[in-house]
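Student: Start from chain A and add chain B according to the hints.
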Amino acid sequence: MSIADELSTAEQTDTRRLRICRCKRGDGGEHFDEFEVPVGPHTTLLDALLWIQRHLDPTLAVRHSCLHASCGVCGVQVNGREELACVCELRDHADQITVEPLANLAVLTDLVVDMRPFYAHFPEQHPIIRTSELVAGAAAREGLGTFVRLEDCIECGLCVSACPIAATSHEYVGPAALVAAERLLEEPRGAEPEDVLRWADRPDCAWRCHVGMECSRVCPAQALPAERIMALRRKLIFDGQRGKGARR
Amino acid sequence: MSGQADTAAPAAPAAQGATVAMPAGPTELPGAIERELPGPVHHKGPGPAPSGWLDPRGRGLGARAFALHRLTGIALVFYLYVHLGILSMLLVGKAAWGSFLGVVTATGFLAFDVLLIFGLLFHGLNGIRVALVGSGFVVSRQGALFWAGTAIGSCALVFAALHVFGAFS
Numbered sequence: 001m002s003i004a005d006e007l008s009t010a011e012q013t014d015t016r017r018l019r020i021c022r023c024k025r026g027d028g029g030e031h032f033d034e035f036e037v038p039v040g041p042h043t044t045l046l047d048a049l050l051w052i053q054r055h056l057d058p059t060l061a062v063r064h065s066c067l068h069a070s071c072g073v074c075g076v077q078v079n080g081r082e083e084l085a086c087v088c089e090l091r092d093h094a095d096q097i098t099v100e101p102l103a104n105l106a107v108l109t110d111l112v113v114d115m116r117p118f119y120a121h122f123p124e125q126h127p128i129i130r131t132s133e134l135v136a137g138a139a140a141r142e143g144l145g146t147f148v149r150l151e152d153c154i155e156c157g158l159c160v161s162a163c164p165i166a167a168t169s170h171e172y173v174g175p176a177a178l179v180a181a182e183r184l185l186e187e188p189r190g191a192e193p194e195d196v197l198r199w200a201d202r203p204d205c206a207w208r209c210h211v212g213m214e215c216s217r218v219c220p221a222q223a224l225p226a227e228r229i230m231a232l233r234r235k236l237i238f239d240g241q242r243g244k245g246a247r248r
Numbered sequence: 249m250s251g252q253a254d255t256a257a258p259a260a261p262a263a264q265g266a267t268v269a270m271p272a273g274p275t276e277l278p279g280a281i282e283r284e285l286p287g288p289v290h291h292k293g294p295g296p297a298p299s300g301w302l303d304p305r306g307r308g309l310g311a312r313a314f315a316l317h318r319l320t321g322i323a324l325v326f327y328l329y330v331h332l333g334i335l336s337m338l339l340v341g342k343a344a345w346g347s348f349l350g351v352v353t354a355t356g357f358l359a360f361d362v363l364l365i366f367g368l369l370f371h372g373l374n375g376i377r378v379a380l381v382g383s384g385f386v387v388s389r390q391g392a393l394f395w396a397g398t399a400i401g402s403c404a405l406v407f408a409a410l411h412v413f414g415a416f417s
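Sequences listed follow chains A and B, in order. Just so you know, we're using the numbering used here here: the first sequence kicks off at 1 and counts up by one. Just so you know, we're using the numbering used here here: the second sequence kicks off at 249 and counts up by one.
If we strip away everything but chain A, and leave its shape as in the complex, we get (with noise of 0.2 Å):
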């Protein structure tokens, strides 16, 4: 159901105050911008900043496509737990919402940002665009409990905007780009492994990762980042990879 819809329920009386994070290049720097928004019962963050968009600010800068958290491009942060904008029903929050775009990515334009760095860091084998396998309606094998689909990883930038190593070290290549190298040692596609390895053993790889498990509490896609990180690593430790990377 759409905002405008809801508009038209006997149950939309409830409103919302949105503190968004403005940024305009050359307007010196970032501030905040408060809306108030009705809300219906299952009014989503995007259905409000497009709401905003059309009723209070046409200005505003939010990037959106699939609206179903399957596109990954509409990632913002909410109260300052990353979220996918078009999956976060405003009912489940408090009268006040601070909405601000991703961290540790520079910001384009209000909630827009860059993402050519974080695809930048993905390793040079792993195939950005990549088909699907998943068959519709398969059954898992005798002996599996379900299916795993690493694939699953939407490139949203959530993890690297949650995780606390890659606020302090713009070097670090991020959750996403490392669960890339671990699929592709579980399924090489033609990618030569021990490149893969070593390029996950550098410095400001699988080694600067610290525990702090973020990645895989904001994943929107259930990838599991911070378990995958942590296989990577076990593979590198008894692969008998450890010491062999390009060490700056």
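Treat the hints as calculated values from the structure; they're not laboratory data. Some hints could be false.
Each pair of labels, with its calculated beta carbon distance range [stated by the list, open to error]:
#1 His42/A - His411/B: 55 to 63 Å
#2 Gly341/B - Asp239/A: 56 to 64 Å
#3 Ser402/B - Gly29/A: 38 to 46 Å
#4 Arg25/A - Thr398/B: 44 to 52 Å
#5 Val330/B - Glu171/A: 31 to 39 Å
#6 Glu186/A - Ala280/B: 38 to 46 Å
#7 Tyr329/B - Asp114/A: 36 to 44 Å
#8 Asp92/A - Phe360/B: 39 to 47 Å
#9 Arg389/B - Val87/A: 48 to 56 Å
#10 Lys24/A - Val351/B: 32 to 40 Å
#11 Gly28/A - Gly356/B: 42 to 50 Å
#12 Glu186/A - Ser402/B: 39 to 47 Å
#13 Asp361/B - Gly29/A: 38 to 46 Å
#14 Asp239/A - Val351/B: 50 to 58 Å
Since we're looking at a predicted model, the values are computed, not measured. Note that the Cβ used here is the ideal one computed from N, Cα and C, for glycine as well.
Tutor: Just chain B now, kept in the frame of chain A:
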């Protein structure tokens, strides 16, 4: 004016209704330079940019443990130097050392000892958790490992505090 624009003074206002031609020679697309400029990086946390790791808003157990681990680590390094400085007082003489002991064994000052023991216990026990999980062991049980360390550390801290304040003497 078409085709006769003065390229040496592009900022000059055009006459009303006139068409100003592009300058001669290669030129960049409008906005290309501005798009390449790096924007500001939005950071969590108070103070300067690298303080994002300290921001507790919306954080879970792991990140808060990481922040406290860092803080206790910094405090322990600071204490190490203070400790070495204090030991150097032995060079001054027995009288100076004796009067100093009188200060540090006062009840109020002993609370700092308990704080120090807390830092040591937290940093040590959480360090074991980070080393185990960071090496790929018990990753799925890292939360339970934290609480187990907290339980052990709390018991040890209570015992140490009682000992520091002379409950067993």
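Student: Run every hint past the structure and note whether it holds.
Tutor: So, going through the hints one by one against the coordinates:
Roughly 58 Å separates the CB atoms of histidine 42/A and histidine 411/B, a value that falls within the hinted 55 to 63 Å. Take glycine 341/B and aspartate 239/A: their Cβ atoms lie about 60 Å apart, and the range 56 to 64 Å holds. Here the CB-CB span from serine 402/B to glycine 29/A is close to 44 Å, well matched to the stated 38 to 46 Å. Between arginine 25/A and threonine 398/B, the C-beta spacing of about 46 Å keeps the proposed range 44 to 52 Å intact.
Separation of valine 330/B from glutamate 171/A is about 33 Å and conforms to the stated range, judged on CB atoms against 31 to 39 Å. Roughly 40 Å separates the CB atoms of glutamate 186/A and alanine 280/B, a value that falls within the hinted 38 to 46 Å. Evaluation of the 36 to 44 Å hint for tyrosine 329/B and aspartate 114/A yields a pass: the beta carbon distance comes to about 42 Å. Between aspartate 92/A and phenylalanine 360/B the Cβ separation comes to about 43 Å, which falls inside the hinted range of 39 to 47 Å.
Hint check: arginine 389/B to valine 87/A, Cβ distance near 29 Å, so the stated range 48 to 56 Å is violated. For lysine 24/A and valine 351/B, the Cβ-Cβ distance of about 57 Å falls outside the hinted range of 32 to 40 Å, so the restraint is violated. Checked against the hint of 42 to 50 Å, the C-beta distance between glycine 28/A and glycine 356/B comes to roughly 49 Å, which is consistent with it. Look at glutamate 186/A against serine 402/B: about 40 Å separates their beta carbons, and that is inside 39 to 47 Å.
Judged by the Cβ atoms, the range 38 to 46 Å given for aspartate 361/B and glycine 29/A holds: they are separated by roughly 45 Å. A hinted range of 50 to 58 Å holds for the C-beta pair aspartate 239/A and valine 351/B, which are about 56 Å apart.
Consistency note: the structure conflicts with the earlier hints numbered 9, 10.
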